[in-house]
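S.K.: The sequence shown begins at 1 in the UniProt record's numbering and counts up by one.
Check each hint, because a few of them may be wrong.
Stated by the list, open to error - Result set (DMTMM-like, lysine to aspartate or glutamate): computed pairs, CA atoms no more than 20 Å apart in a straight line:
hint	residue 1	residue 2
1	K148	D201
2	K148	D175
3	K174	E204
4	K174	E349
5	K148	E4
6	K148	D163
7	K19	E4
8	K90	D51
9	K19	D280
10	K115	E81
11	K115	E88
12	K90	D100
13	K115	E150
14	K90	D104
15	K148	D118
16	K115	D100
17	K90	D118
18	K148	D124
19	K19	E8
20	K174	D210
21	K19	E264
22	K174	D124
23	K174	D201
24	K148	D100
25	K90	D40
26	K90	D50
27	K19	D40
Because the hints were derived from the structure by calculation, they are not lab data.
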Amino acid sequence: MTSEVSYEYDDLGRITLQKYPDYEHEYTYDGVGNMLTFTDGAGTVAYAYDDSNQLTSIREPGGTCPAAGFPAANSGCVLLEYDDNGNETKRIYPAGAHTDTTRDAAGRPTRITAKAADGTTAVDIGYSYAAPGSGDDRTNIQTRTSHKEEGIIAGAVTTYSYDSRNRLTEADEKDGSTVTAAWTYGYDNAGNRTTQTRVGDTGEPAGTIDYTYNDANQITATTDDTTTWTYDNAGNQTRNGQTGQTITYNDQRQATTINGTTQEYFGGGNTDRQSSGTTDYENGALGTMQASDSGAANKFTRSPDGAGISFGATTRHYYVADHIGSQVGLFDGTGTAIGGYSYSPYGEERYTGTNTPLESNTLRYIGQHQDSTGLYKLGERYYDPSTGRFTQMDPSGQEANPFLYAEGNPTNWSDPSGLAVDWREVGYQTTAVAFGLVFSGLLGVGAAPLCVTVVACIGVELLAAVGGGMLGDASASILWGREYSAGSMWGL
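All chains, full assembly: derive it from the sequences and hints.
M.R.: Take a look at the structure:
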């Protein structure tokens, strides 16, 4: 579907209204470009900021935020606190459940702890980095300690190893000296995964899988195949040889069926998906805001940067995320811990709690949408966590290997837009703003800086679709420790 969508903007090129055939989204901003409200059929989400333009509260439709103290149970309010450098240090949910993030001098998270309203620990994850002078990349996480994490032995420590090209080669999880789970990866010079070895309780069968590629960096065979791998003339993967999953495409590179399930879109590309089988989506500037199936609607509340805050049909459930944005825990509106998720390094699901909200939630690995097919919808492309690759080539045509995900470093980087890597490193956001200013001028899309990351600027087709600035003054909105998920902003 390529029509019946219109957009309106203010004088600074910021989107104020999106009109779809069956719904509308409205946006308002303050004088420096911060988003103040988002309104859809469910009501208005209101955002408040401090004098440093840091987001301090998110009030859901019908919700109430307190003048002091923590939000009441089922109040529909989330509060945020920051350190002197603008890094988020605390997130407070209804009834006083909260997440605390401890950081080192460089602003990197060293511990993320989530506690329920009654004080019990729901999630507790520690991180360490290479010491100065060690010779290792100091931006890479070296260890992850699962003090409390879904399905993982309490206190287990995962040690990460990287090669000279900064690609993840090993993740060893140990309980003391005992290996409880391990993943080992090998790569060729083009960055393709040549081997994967799983040991222990990884959530997938143990053993080694070898991969073979052609000159176009397409997988042609693995030692775990059940059928042949196939591709169309545009380089899109049409059949997965391991699972037998099939995908068909139209001449706009849109995946029109996945395992026989029909996919429909607004505009060109895969970004603004209208439906998948019987599931209908409402997308906006912040991402997918609603997914409905047979009349049951899952509504998502998002922050101004597109990150998931909560979801639910009739009751709200609030996300707890790890350092890279993967959802690892949930609280309900009374501050009760519901359980969580754990993943392999490349996003294969390892454990999921048994409570119904955990099963119905679709925002999981790096906070993005997982289809019933097992694929993740990352903006413009679909990602397969079992292979650690995209099923389609990078549409920019600028990548030497157009199928790679996060340049082989999923522990530290992500690609929520399907267009470019999001480096979650201190200093990256400043670079992103600088690139945004340059690209906005080159593309001639308005006087206000519109690109909040390099990702958004690369998506020329997407920029044309929205006619300019989604969020307007990026420099007023991006602060240290508040990475923008560009994939979310372009709809999922």
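S.K.: Hint by hint, where does the structure go against what was stated? Just the numbers, ascending.
M.R.: 5, 6, 20, 25
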